[in-house]
Amino acid sequence: MHLNKLNFPVFFFKLVLGVFLFAFVLGLPSGITAWFDGLPWTSGAETLTLSVIIPFLLILGWRFLSLRLPIVVLGTLLTLKLILFLASPSGGWLVRVISPSVNQERQSSVGASWVKTYATAWNKNASGILQKPWTEKLDFPLDWALFSPNCKTCFDALALTVEVDGALLMPEGNRFAVIARGVEEGTLSAVNKNGESFDLLPAKSFEDAGNQKYQLPQGEEWKISGKLKYAGVDWSLVPVMVNPDGEISSDLDRGTLWQNKEDLAGSLDYIGLIKILSLILDAGIILFLAAWATWITRLLVEKEILNWPLAICSLILTCLPIATANLFGELWEVLRLSDPTNVAHLGILVVVAGTSFLTWAWWKKDFRNFHADRIAESVFLFFGPGILLLFSKKWWPSIGQWKNWGTGDDWTSYQIYARTIVVEGEWLGNSIFVMQPLYRYFVGIYHWLFGQSAFVQNMADVWCILGTTVLLTSLAIKLRLSALTAFAASLTYLMPTFLGGFRYQIGRGLVEHHALIFIALAIWLLYQARDGSFFKIILAGFFGVIGYWIRQDHLIVITMLVFFIIEPLHGTTKEVWRTFWEQIWTHWKKGFTYVGVVAFGVFLLCFRNWWVGGVFGPTVPNHPNYTGQDLIHFYQRIQIIVTAVDHGNPSLATLILLPGTLLGLLALVWRPKFLQNYPIAIGLALIGLFLPYWFVANWGYAPRYSIHLLPLTIISLMIVGDYFFKKLSKHKFQEQK
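Going by the numbering used here, the sequence shown opens with residue -9, and the numbers climb by one from there.
If you are wondering where the hints come from, they were derived from the structure by calculation, not from laboratory data.
Every residue gets a Cβ at the ideal spot worked out from N, C-alpha and C, and that includes glycine.
One or more hints might be untrue.
[Stated by the list, open to error] What follows is a list of derived Cβ distance ranges for each label pair:
hint, residue 1, residue 2, range
1, 283, 181, 44 to 50 Å
2, 605, 52, 26 to 32 Å
3, 3, 284, 22 to 28 Å
4, 664, 383, 55 to 61 Å
5, 57, 181, 40 to 46 Å
6, 261, 187, 46 to 52 Å
7, 294, 236, 57 to 63 Å
8, 52, 327, 40 to 46 Å
Full structure from sequences and hints, please.
In structure tokens form, the structure reads like this:
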């Protein structure tokens, strides 16, 4: 049943109810350590589910949450979660970081007693919660370990003291030990329910943990506390259980570690029941997600989007990048090439799989996926699983870990700003924005929800790339290009993104991909707003403002996107410009609305800077990136953008960026037949993209400044390519006839 055939108020209520229930099932803390134990989502299962699986399911089948049976199931799961929330003690050990050895610039969160971290936002009494083994230095709560540029070796030299406080429930007949490498001094104290105290000496290895002097005596309930001083680079804090046969395991039962011994008093009789309920809840969530995926599969098959050719090619693209990673690594060594990102082979396989699918469709005349109403979903389903799986595997080891961001780079600065916002509570900031204003808030929210790990921040870049790919495909259809050309556009976008220098920007901690997705959303909405409602105009303006707050030097291009409202325009140069001015007078209210929303966003930013720092402007006066105006430097900056390199030979992406740019600018002044359908708004957007660099320098981290140019130039090439493709197809059809 289509949405327009439903009773919309009822449908909307059911959808909101389903989303509300689902959010609470996943977000409500359950207390006990489990796969899905609620906020913060720091476990591997939760992080992967929330950042990869659920967004994928929502994009393909969000209506599932409005159905009656899923709502009933979610209500049942929420009931179980509420029982755990109210009845279960809190799992894990409290860990407080005391007296870090490095002098920090952010003293408000590195106090005299212990260090506040992102975890402190959820537990006011700890720097971190030990729920699983910490096997490396980066597993410890270290999000405060951000150093100034003159301290490049500070991370390796870092030393600190951790205070451990918690309770232990040990199965009868077992013994318990703690493995702690890197400990210079300190021990833990264990007190049983009879008040007897024992010293729990930290072992250095699993072999040492088998020695009884490092083990607790047999007993059911213990209170654990103490301080351990760490130094060096090899750290660990691993609780292990030793069974009666002497086997040592760090894979502890979910009912072993608890935060407070007093909370366990009177709870021992139903701890087993709580464990069973948590297992049922975890299984229920997994089954719910499996049912959702099954429902989506059936829906896609019925819509003829999911078919055997697409499934096989997509499966190949999903499996081969992982299966052939080592093979390509050896190939790069033979060719004396390097790929530190381990992503280049994905670009090659994207091209192979995509061209194979196109070839099959053309050869067999199987165009089921190449319909205007199917191609966007087909593109997402074709490329999405393989891309998401590869990057999930690439960054999976980083879940739960802090990242050594280095010193003096933009990505480190954004981490410092994000921590200042979330941990220190400086939500408005305490000075005028110097770097891009909004991205720090994205980073802070990622860490607030998912802990110190950069996994979600990195995966957000991947989602921005996939989103841009789908929007590019959809825009190609709206421009009346063929579905085959739209698929080719997505393929052309992904090829340099993964194969060229652009791949170094993925997961690097910079703003570009986040800014691009909001600019793409604004274009997508504005192009269909000519005959649409003012709501689309306002929403496009909102996305434009977000894009500006993320990347301030794109204000001109974001403003000039207003001309997409009057598209499509067709004809010769004279005809198009005459129609252009006529359409401006016809749709001036919509254009004024969009520009007004963007201008209001600029005003809010300037007002904030005045309120906090006393300067009414977008940034500080005499910003270091304001380097003056001269033609030579402007040419050099444009060269960096259209070649995607800051020095040396042009890159692979130059073959797309340069001709696409020239076509867009050419269409403004000369429109032969193959450019008569070219949107004049794209040419104006290109001017708006380049113009700021007459005033602003674009040094550092190439090709970051080319990322926003790439989709526009691909559309330029596809418009011309589609013209000749249709002309050739028509000629062949006439010959056959």
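Checked hints:
Distance hint for residue 283 and residue 181: a CB-CB separation of about 48 Å, consistent with the stated range 44 to 50 Å. At roughly 43 Å, the beta carbons of residue 605 and residue 52 sit outside the given window of 26 to 32 Å. Checked against the hint of 22 to 28 Å, the pair residue 3 and residue 284 passes, with Cβ atoms roughly 25 Å apart. Taken as a hint, the range 55 to 61 Å is violated for the pair residue 664 and residue 383, whose Cβ atoms sit roughly 43 Å apart.
Distance hint check: the CB atoms of residue 57 and residue 181 are about 53 Å apart, inconsistent with the given range 40 to 46 Å. The given range of 46 to 52 Å is broken by residue 261 and residue 187, whose C-beta atoms sit roughly 24 Å from each other. Look at residue 294 against residue 236: about 60 Å separates their beta carbons, and that is inside 57 to 63 Å. Distance hint check for residue 52 and residue 327: the Cβ-Cβ separation is about 42 Å, which falls inside the suggested range of 40 to 46 Å.
Violated hints, in rising order: 2, 4, 5, 6; the structure is consistent with all others.
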